[in-house]
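Asker: Given these sequences and hints, build the entire structure.
Here the protein sequences line up with chains A, B, C and D, keeping their order. Terminal number for the first sequence in this note's numbering: 174, no gaps in between. Terminal number for the second sequence in this note's numbering: 348, no gaps in between. Terminal number for the third sequence in this note's numbering: 522, no gaps in between. Terminal number for the fourth sequence in this note's numbering: 696, no gaps in between.
Hints in this document: simulated from the structure, not taken from any laboratory. Glycine included, each C-beta is placed from N, C-alpha and C at the ideal position. Mixed in with the good hints, there may be bad ones.
Unchecked claim - FRET-style restraints, in silico, Cβ to Cβ:
hint	chain 1	residue 1	chain 2	residue 2	range
1	A	L153	D	K532	38 to 44 Å
2	B	D219	A	K10	34 to 40 Å
3	A	G143	D	A619	29 to 35 Å
4	D	A619	B	G347	45 to 51 Å
5	D	K532	C	G475	39 to 45 Å
6	A	R46	B	G189	31 to 37 Å
7	B	R345	D	K532	42 to 48 Å
8	C	E482	A	L153	57 to 63 Å
9	D	S653	C	Y354	43 to 49 Å
Protein chains: 4
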Amino acid sequence: MTDLRYPIGKFRWDGAMTDARREECVSRIAAAPGLLRAAVSGLDDRQLDTPYRPGGWTLRQVVHHVPDSHLNAYCRFKLAITENEPTIKPYDETAWAELPDVKAVPISTSLTLLDAVHERWVAILRGMKPSDFERFLVHPESGRQTLDQVLALYAWHGPHHIAHITSLRQRNGW
Amino acid sequence: MTDLRYPIGKFRWDGAMTDARREECVSRIAAAPGLLRAAVSGLDDRQLDTPYRPGGWTLRQVVHHVPDSHLNAYCRFKLAITENEPTIKPYDETAWAELPDVKAVPISTSLTLLDAVHERWVAILRGMKPSDFERFLVHPESGRQTLDQVLALYAWHGPHHIAHITSLRQRNGW
Amino acid sequence: MTDLRYPIGKFRWDGAMTDARREECVSRIAAAPGLLRAAVSGLDDRQLDTPYRPGGWTLRQVVHHVPDSHLNAYCRFKLAITENEPTIKPYDETAWAELPDVKAVPISTSLTLLDAVHERWVAILRGMKPSDFERFLVHPESGRQTLDQVLALYAWHGPHHIAHITSLRQRNGW
Amino acid sequence: MTDLRYPIGKFRWDGAMTDARREECVSRIAAAPGLLRAAVSGLDDRQLDTPYRPGGWTLRQVVHHVPDSHLNAYCRFKLAITENEPTIKPYDETAWAELPDVKAVPISTSLTLLDAVHERWVAILRGMKPSDFERFLVHPESGRQTLDQVLALYAWHGPHHIAHITSLRQRNGW
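Answerer: Structure (structure tokens):
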């Protein structure tokens with residue numbers, strides 16, 4: 001039986017990275033804004049206010065969450081490149097998803113926000129040497145990790161949330 | 175042998191339209207900006223300056239052409255809804271693809287332009303009654319046609335150009 | 349007594365154009381999207397639904413009108429550069445301002461649309477030689493006119509509508 | 523003699539805040555993206571690569587810096603609203619201004635990024651009660667401060683950088 005929370009499976013990190021896999025991760029990150037935009041195309045307000053699973057975020061919350069998450073990721077890469085093993089600041093994604101911008105701001109704004117953040121983020125990623133991906137950041141809860149691991153996480157994170165949307169649309173025949 | 179000019183086939187209009195097919199056409203138009211954005215993600219300048227087929231437009235020209243075409247289409251719908259069988263003004267797409275904005279402006283601007291034009295266009299399409307799609311416009315060369323036909327044409331046109339890009343990427347292993 | 353319809357005065361064309369005046373017109377066109385965005389910043393829905401003068405368009409209609417007008421202008425320049433004295437297709441701006449996209453689409457989308465159209469339009473304008481501005485288009489009602497005249501018209505048109513908004517804000521203390 | 527680094531003066535915080543002053547700060551933040559866009563309109567690459575003062579950032583660096591700074595500010599507000607006196611993570615703005623996205627990404631992307639971040643940030647600010655502005659965050663270097671102080675800082679920060687650009691344009695007759 002499928003766990004609706006993980007339509008493409010949980011993120012797993014096996015510690016292995018190659019140039020080809022890095023390139024594929026960057027490509028996935030580059031493609032995510034367009035795929036998210038296509039995934040929500042044509043949805044009306046009632047559909048956007050539907051939870052992607054019972055008890056889960058609404059599609060609207062999912063859309064606004066993705067740029068919140070990825071602008072934090074963008075900052076974490078820049079921090080880890082410009083500082084020595086910085087301890088980054090996590091945020092409470094559950095609480096952020098309840099803040100008033102989620103209802104007040106149209107999703108088109110967050111789609112555009114994601115486009116723009118990814119464009120700058122991908123420029124950073126493409127400017128990094130292989131050794132830069134071996135730099136560390138420290139997450140107060142999940143610990144010390146390489147940028148390779150963070151890269152793989154976010155290459156998974158976009159498709160993960162996009163699949164929340166596309167799988168609900170499929171189940172509901174939208 | 176495949177004709178590289180028509181990766182998804184030529185547009186054909188059989189004159190038949192139903193509510194369901196209309197809805198599908200609108201959905202395709204709504205999805206096109208995200209799919210175009212995903213189709214070009216991660217391409218560098220050299221790749222963008224590659225023709226999608228020998229003698230054809232470069233990918234860069236394709237990307238800038240799509241919003242030029244669709245903002246004209248958006249206007250044609252508005253004209254046909256607010257006037258009685260207006261004669262629309264065609265444009266020389268070959269000449270427009272050689273104008274200097276194509277080289278001077280980054281493709282991200284045209285992707286954003288397409289997002290925004292489609293958002294207003296789709297709002298128009300979703301606000302139309304079935305009888306509105308039976309209204310006519312007159313194209314000086316191809317003649318009098320219903321908005322149903324124009325709708326079907328543009329539901330094909332986005333995926334047509336997107337396939338120019340994705341099929342080249344596949345052939346070149348990009 | 350001020351005519352609220354013309355806060356910066358009516359457009360006047362005296363037929364004179366110089367390189368410096370052309371440059372100033374292009375600069376005004378380039379600056380308009382930012383100034384429109386600043387002019388509406390912080391307005392709420394009730395304010396946006398207020399007519400800029402008794403019996404006039406609401407601020408929301410004004411904002412959506414500007415990109416509709418300017419994407420037509422952008423096309424007219426491209427037509428006149430690529431064809432010999434083309435007859436352009438006017439549109440019924442009064443009817444367009446009543447179409448459903450005006451209510452359905454957030455103004456942020458039209459502000460972004462304006463940014464993107466102007467970026468391509470300004471690239472065209474900056475790529476034109478002085479002699480290109482002496483090319484003609486034919487407006488079915490107002491007749492044959494040079495691109496210099498059209499340029500001057502649109503250099504006035506953005507500030508004209510921006511002043512509708514800023515003058516109402518000033519009168520209402522918003 | 524004017525200090526070119528501080529064209530509108532240094533930021534000063536006197537600890538006093540009123541509802542009216544808060545409202546004015548939010549309005550300044552809301553207006554900043556449009557004013558920045560207008561401030562750089564029509565600049566060419568050579569002009570963008572000119573330092574705003576001898577030894578200072580280029581205009582291009584200034585433009586890319588503003589959204590980097592403000593997306594951090596946006597996060598700090600959300601952190602301080604959802605956590606109890608969080609210690610935020612500063613970033614090295616000097617080092618970030620040298621990262622490769624600054625040269626690789628067109629300024630139009632960062633202008634659009636700023637539009638979108640401000641739209642969500644302003645929605646947060648408008649959703650805050652007066653008591654929310656009395657919440658604290660802790661900056662590792664500058665210490666514990668209220669959101670009122672952070673608000674005033676960023677209401678100054680946008681115009682501060684915009685004035686770097688407009689004052690150079692004025693001095694250079696651009």
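Asker: Quick check: does the Cβ-Cβ distance between D:S653 and C:Y354 fall within 43 to 49 Å?
Answerer: Hint holds: Cβ distance 46 Å, inside 43 to 49 Å.
Asker: With 29 to 35 Å as the target window, see if A:G143 and D:A619 comply at their CB atoms.
Answerer: holds, 30 Å
Asker: Starting from the hint 39 to 45 Å, judge whether the C-beta atoms of D:K532 and C:G475 obey it.
Answerer: holds, 42 Å
Asker: Does the Cβ pair C:E482, A:L153 satisfy 57 to 63 Å?
Answerer: holds, 59 Å
Asker: Does the beta carbon distance between B:D219 and A:K10 stay inside 34 to 40 Å, or does it fall outside?
Answerer: At roughly 37 Å between Cβ atoms, A:K10 and B:D219 fall inside 34 to 40 Å, so the hint holds.
Asker: Is it true that the C-beta distance of B:R345 to D:K532 lies inside 42 to 48 Å, as the hint says?
Answerer: violated, 59 Å
Asker: Taking the Cβ atom of A:L153 and the Cβ atom of D:K532, is their distance within the range 38 to 44 Å?
Answerer: Since the Cβ atoms of A:L153 and D:K532 sit about 41 Å apart, the hinted range of 38 to 44 Å holds.
Asker: In this structure, is the beta-carbon distance linking A:R46 and B:G189 contained in 31 to 37 Å?
Answerer: Holds, since A:R46 and B:G189 (Cβ atoms, about 34 Å apart) stay within the stated range.
Asker: Note whether the CB distance of D:A619 and B:G347 lies within 45 to 51 Å or breaks it.
Answerer: Once the Cβ atoms are compared, 37 Å apart, the range 45 to 51 Å for B:G347 and D:A619 is violated.
Against the hints set out earlier in the document, violations occur for numbers 4, 7.
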